[in-house]
Each structure stands twice: as C-alpha cells, then as structure tokens.
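Peer 1: Read off the chains here:
There are 2 protein chains.
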Amino acid sequence: MSEPSENPTYKFYYFNFRGLGEPIRLLLAYGGIEYEDVRIPKEEWPEHKPTMPLHQMPVLEIDESRVYQHVSILRYLGKKVGLSGESDWENLQIDMVADIMNEFRLKLVGVYQETDEEIKAKKLEDIKNETIPLYLGKLDGMVEENNGYLVAGKLTWVDVYLAGISDLWKLLAGYDVAADYSNLQNAIENVNSIETIKNWIENRPETEF
Amino acid sequence: MSEPSENPTYKFYYFNFRGLGEPIRLLLAYGGIEYEDVRIPKEEWPEHKPTMPLHQMPVLEIDESRVYQHVSILRYLGKKVGLSGESDWENLQIDMVADIMNEFRLKLVGVYQETDEEIKAKKLEDIKNETIPLYLGKLDGMVEENNGYLVAGKLTWVDVYLAGISDLWKLLAGYDVAADYSNLQNAIENVNSIETIKNWIENRPETEF
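Quick note, the sequences are listed as chains R and P, same order.
If you're matching positions, the first sequence starts at 0 in numbering that gives the first Met the number 0 and goes up one per residue.
If you're matching positions, the second sequence starts at 0 in numbering that gives the first Met the number 0 and goes up one per residue.
Hint data in this document are derived by calculation from the structure and do not stem from the laboratory.
Each computed EDC-like pair below joins lysine to aspartate or glutamate, with the alpha-carbon atoms no more than 16 Å apart:
| hint | chain 1 | residue 1 | chain 2 | residue 2 |
| --- | --- | --- | --- | --- |
| 1 | R | LYS78 | P | GLU85 |
| 2 | R | LYS78 | P | GLU89 |
| 3 | R | LYS79 | P | GLU89 |
| 4 | R | LYS153 | R | GLU143 |
| 5 | R | LYS106 | R | ASP125 |
| 6 | P | LYS119 | R | GLU113 |
| 7 | P | LYS121 | R | GLU113 |
| 8 | P | LYS78 | R | GLU89 |
| 9 | R | LYS169 | R | GLU207 |
| 10 | R | LYS121 | P | GLU113 |
| 11 | R | LYS106 | P | GLU113 |
| 12 | R | LYS79 | P | ASP87 |
| 13 | P | LYS48 | R | GLU129 |
| 14 | P | LYS137 | P | ASP179 |
| 15 | P | LYS79 | R | GLU89 |
| 16 | P | LYS106 | R | GLU102 |
| 17 | P | LYS106 | R | GLU113 |
| 18 | P | LYS153 | P | GLU188 |
| 19 | R | LYS48 | P | GLU129 |
| 20 | P | LYS78 | R | GLU85 |
| 21 | R | LYS106 | P | GLU102 |
| 22 | R | LYS119 | P | GLU113 |
| 23 | R | LYS119 | P | ASP115 |
| 24 | P | LYS153 | P | GLU89 |
| 25 | P | LYS169 | P | ASP179 |
| 26 | P | LYS106 | P | ASP125 |
| 27 | P | LYS122 | R | GLU113 |
| 28 | P | LYS79 | R | ASP87 |
| 29 | P | LYS119 | R | ASP115 |
| 30 | R | LYS122 | P | GLU113 |
| 31 | P | LYS79 | P | GLU2 |
| 32 | R | LYS10 | R | GLU63 |
| 33 | R | LYS137 | R | ASP179 |
| 34 | P | LYS78 | R | ASP87 |
| 35 | P | LYS79 | P | GLU33 |
| 36 | R | LYS106 | R | GLU124 |
| 37 | R | LYS10 | R | GLU33 |
| 38 | R | LYS78 | P | ASP87 |
Use the sequences and the hints to build the structure in full.
Peer 2: So this is what it looks like as structure tokens:
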C-alpha cells in the first residue's frame with residue numbers, strides 16, 4: 000500500500016448506518032477533515048462485498064489505499080487530529096480502553112447473532128448480570144477518575160470512539176446498556192458537545208441506528 | 000495507573016499454556032527483558048480471577064501497574080524493544096494486521112466454544128471454506144510482498160504476534176490451519192530462528208499448547 004500524499008483525499012465506505020462507522024465519522028468531523036461519505040445501501044452490499052478488503056466495512060480510502068479495521072483507523076486518525084496520548088504509557092492506556100470497548104461490543108454481538116431464542120434469553124441474562132456491570136463499571140470508574148474522560152484526564156480519540164459506538168451497543172443489546180452509568184454519559188456528552196462534532200450530529204443523515 | 004520507573008520490574012500472569020500469552024513472552028525474550036513468568040494452574044484460577052482486571056489474563060505487571068489486553072501490551076512492548084514501524088503509516092499497517100489476526104482468532108473461538116455438535120460441524124465447514132482462505136490468504140499474500148515479514152519488508156512486533164499465536168489457532172480449529180500457507184510458515188520461521196527467541200523456545204516450560 001502506497002503512503003498517502005501530504006494532502007490526501009479521503010473516501011469513507013460504510014452502510015447508511017452509524018454502527019462501527021460513526022466513531023470514524025465523528026473523528027473526521029472533529030479534525031475538520033473533508034471526505035466523501037459513501038453509504039452503501041444494504042441491498043447493494045452483495046455486489047460491493049468482494050471488492051472490499053476482507054469483505055468488510057468500514058473502509059477508509061486514503062488517496063489510492065484502502066485501510067480497514069475500525070480501531071486501527073481511529074488510532075491513525077486520532078494521531079493526525081492531535082488526540083493521541085503524550086507518552087507511550089498514555090497510549091497504552093488509550094489502546095487498552097479501545098480493546099476493552101471492542102471486546103465488550105463483540106460480547107454483545109454474540110447475543111445479537113444467537114438464533115435460538117432460549118439460548119439468546121440465557122445469554123442476555125448473563126450479559127446483564129455479569130458482562131455489563133464488569134465492562135461498563137470499569138469504564139465508568141475510569142471516567143470518574145479522569146475528569147470526565149476515559150484516559151489521562153483529557154480528550155483522546157478513545158472518548159470519540161465511545162461517543163460514536165454507544166448507539167451500536169443499544170442496537171445489539173436491545174436496550175440502552177449505558178443509561179445508568181452517569182460517568183459514561185458524561186464522557187459521551189463531553190464529546191458530543193464539541194462544536195465540530197455537535198455540528199456533524201445536527202446535520203448528519205438521519206438513520207435509526 | 001502510575002507511570003513505570005526507568006527500569007521497571009515486570010511480572011507476567013497467564014496460564015501454564017502458550018495461548019494468548021506466548022506472543023508477549025516471545026517479545027520479552029526478543030528484547031532481553033527480565034520478568035517473572037507467573038503461570039497460574041487452572042485449578043487455582045477461580046481464586047485469582049476476581050483479582051485480575053476484567054477477570055482475565057494475560058496481565059503484565061509493570062512495577063505496581065497491571066496492564067492487560069494482549070494486543071495493547073504487544074504494541075507497547077514492541078515499541079520498547081524497537082519493533083514498531085518507522086512512520087504513522089507503517090504503524091497503521093502493523094495495527095491492521097494485528098486486528099485482522101485477533102478477529103481471525105475470535106472466529107475460531109466461536110467454533111471452539113460451540114456446544115451443539117451439529118452446529119459446530121457446520122461452523123467448522125464455513126471456517127474451512129471461507130474464513131481461513133480469506134484471512135490466512137490475505138496474511139500470506141502480505142508476507143509474500145514483504146520479504147518474509149507481514150509489514151514494511153522487515154521484522155515488526157506483529158510478526159512476533161503471528162509466531163506466538165499460531166499454536167492457539169491449531170488448538171481452536173483442531174488442526175494446523177496455517178500448514179498450507181508457505182509464506183506464513185516462512186514468516187513464523189523468520190521469528191522463531193532469531194537467537195533470543197530460539198533460545199526461549201528451546202528452554203521454555205513444555206506444555207501441550
């Protein structure tokens with residue numbers, strides 16, 4: 000993959016859906032990075048699928064190169080827009096939180112994709128009683144200790160990840176799993192009230208999730 | 000979490016098993032970093048579990064701080080031992096490959112944990128026909144283009160990740176899924192033949208996986 004030019008063009012491919020794509024869109028909005036927001040209609044996905052790396056989206060096209068894996072993209076753009084940590088140690092904390100959030104999402108996906116109704120109900124119980132208190136309790140405690148942010152007492156790209164991904168948690172679990180975690184709500188609000196991001200949210204295409 | 004001292008002490012917690020822990024052990028060996036290799040016996044895990052962050056291992060204790068999430072640890076140590084990329088762009092490629100490998104592993108876990116034998120057989124078929132060719136084909140092609148390494152034509156921490164994790168793929172799938180991918184075998188061999196790593200492999204505790 001060829002390294003991008005100094006002022007690359009950006010083209011973002013995802014569904015017409017917030018989902019895994021929205022944290023990236025929020026970060027692009029934060030950084031004032033212009034891009035083409037390509038939204039593939041669900042019914043056209045089968046024809047696009049084989050053209051995407053690993054047959055998946057989100058994909059960010061930077062000049063001619065297509066990059067993927069949403070957390071990797073967030074880390075890269077986060078550095079570009081000045082939202083990385085100031086030391087290797089801070090970056091380790093940021094990366095850990097990103098991995099925790101991804102792991103949490105995948106546990107919700109495990110419930111969401113279960114087709115056996117009985118097993119699904121059982122899995123949802125476990126999620127409610129164990130996974131959610133463990134993971135969201137952990138993240139909530141971090142925000143409490145970090146001045147309304149997840150890491151290092153200040154805004155980093157992982158806060159933007161949280162604000163962008165929390166809608167997907169609702170879809171996957173079937174209810175607002177983070178509603179009772181006041182510090183997490185606080186952290187999300189701290190991101191969503193940033194002028195550039197607020198502006199994006201007010202003007203973005205309306206979608207259910 | 001407090002930032003480590005200049006010459007921190009390292010203590011590594013995992014099972015007596017290569018699994019998710021081995022890529023980290025290989026990287027520590029590569030860097031000549033001394034550490035205490037704590038191996039929790041399976042039968043003692045229930046008492047240790049609540050003491051571990053997010054009730055999971057591997058955990059690396061750096062001075063007094065316990066860090067977790069194996070890919071985050073690998074990225075942090077990788078930088079410490081000089082195996083990061085030389086630019087943000089190279090680091091993006093490295094991170095993408097790490098995320099691809101983690102995603103691949105989790106797909107294998109989905110089969111491994113399936114308890115319904117009929118569904119398990121079906122899932123294993125899909126893995127064989129779709130997931131393995133797609134993911135390992137992709138990684139194999141990268142090594143082919145990169146001089147025996149995954150990214151940037153040289154050794155980085157993600158090659159060490161590959162060499163350390165490939166045993167776990169075998170366990171999860173029930174057979175050596177990477178056996179027919181000659182470039183991947185090459186990349187693994189390029190890591191395993193590094194003197195410090197070779198020495199670790201020859202002297203490490205013997206375990207089945």
